[in-house]
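Colleague: As given, the protein sequences belong to chains A and B, one line each in that order. Read in my numbering, the first sequence has 92 at position 92, and its numbers run on one by one without any break. Read in my numbering, the second sequence has 121 at position 121, and its numbers run on one by one without any break.
Honestly, I wouldn't trust all of these hints.
[Stated by the list, open to error] Which residues of chain A face chain B? A few of them, derived with a C-beta cut under 8 angstroms, are:
| no. | residue |
| --- | --- |
| 1 | Gly2 |
| 2 | Val18 |
| 3 | Leu24 |
| 4 | Gln31 |
| 5 | Arg63 |
| 6 | Arg69 |
| 7 | Gln81 |
| 8 | Val85 |
For the record, the hints were derived by calculation from the structure and aren't laboratory data. No experiment lies behind these values; they were computed from the predicted model shown. Just so you know, even glycine gets a beta-carbon here, dropped at the ideal spot from N, CA and C.
Below are the chains, spelled out letter by letter.
2 protein chains.
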Amino acid sequence: MGKMIPASHMDLFEKRAVASLATLMPSGCPQVTPVWVMYTEPYVIVNSAVGRVKDRNMRRDARVAIEVRDPGNPYRYVTVQGLVVEITEEGARDVINALSDKYLGQPVYGGPPDETRVTYKILPQRVHVSG
Amino acid sequence: MGKMIPASHMDLFEKRAVASLATLMPSGCPQVTPVWVMYTEPYVIVNSAVGRVKDRNMRRDARVAIEVRDPGNPYRYVTVQGLVVEITEEGARDVINALSDKYLGQPVYGGPPDETRVTYKILPQRVHVSG
């Protein structure tokens, strides 16, 4: 079972709040990078492309952390420690298009059309909110 | 030897850009949290208080990652993988006051006066910039 995102901070996933995703390098050291994010209860959803650092990291080690911060107030945020419970290419182009629409207002993602998009479903294990 | 922050992105440390700090939990899983940050070549400097999760994490495992993003453009950022090479209480109250001044315009930090502030000097090992 995962932990829920509190209703008080669910709006952060509706805003154009670029999240920060921490993954683990092969050595076990953390890496952090901005990502588009959505919440489809009970999963935090991110999307990347095959071969990227975070793709390789999440395939190797499912343990991740995510921070989503209110663009209008940096002291209001939700942080999650979670596990990548599913990695799939199925529907991943639809997901990146949905994210592009959310963040850029562009319903078709403008990145390379030939890259293999991947969706990662993250089940929160710990959730902390502030502000 | 550490890696330098490129001059092209040094301004991110002058802006009121709240950073995201990833540390490692006892289990080795990542944790990410917002932090105030400054750059004093060659160190990325953060400040916390004794006993907090990130304090305990950085004392246990020196490996951290930091993302600093342009408040005016979320696609312009610097990410760092680094090592905490020094943890000190010396001058730590001055550092948190300087950070309070930078981020809030309040030259005296408004947090609990009786907590023990701590400064962490992070030496970048890998630096990536975007935008």
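Colleague: Does glycine 2(A) pass the interface hint, meaning its C-beta sits closer than 8 angstroms to a C-beta of chain B?
Modeller: violated, 15 angstroms
Colleague: With a cut-off of 8 angstroms, does the beta carbon of arginine 63(A) approach a beta carbon of chain B closely enough for the hint to hold?
Modeller: holds, 4 angstroms
Colleague: Under 8 angstroms is the threshold here; is the Cβ of leucine 24(A) close enough to any Cβ of chain B for the hint to stand?
Modeller: holds, 6 angstroms
Colleague: The hint names glutamine 81(A) as touching chain B; please verify it with the least Cβ-Cβ distance against 8 angstroms.
Modeller: Holds: closest Cβ of chain B sits about 6 angstroms from glutamine 81(A), inside 8 angstroms.
Colleague: Can the hint on valine 85(A) be confirmed by a CB-to-CB distance to chain B that is less than 8 angstroms?
Modeller: Where the cut-off is 8 angstroms and the nearest Cβ of chain B is about 14 angstroms from valine 85(A), the hint is violated.
Colleague: Tell me if glutamine 31(A) is really an interface residue toward chain B, meaning its C-beta lies closer than 8 angstroms to one of theirs.
Modeller: With a minimum Cβ separation of about 5 angstroms from chain B (threshold 8 angstroms), the hint on glutamine 31(A) holds.
Colleague: For the hint on arginine 69(A), just tell me whether its beta-carbon gets within less than 8 angstroms of chain B.
Modeller: Holds, about 6 angstroms.
Colleague: Mind checking the CB of valine 18(A) against every CB in chain B and telling me if the closest is under 8 angstroms?
Modeller: holds, 4 angstroms
In summary, the numbered hints that this structure violates are 1 and 8.
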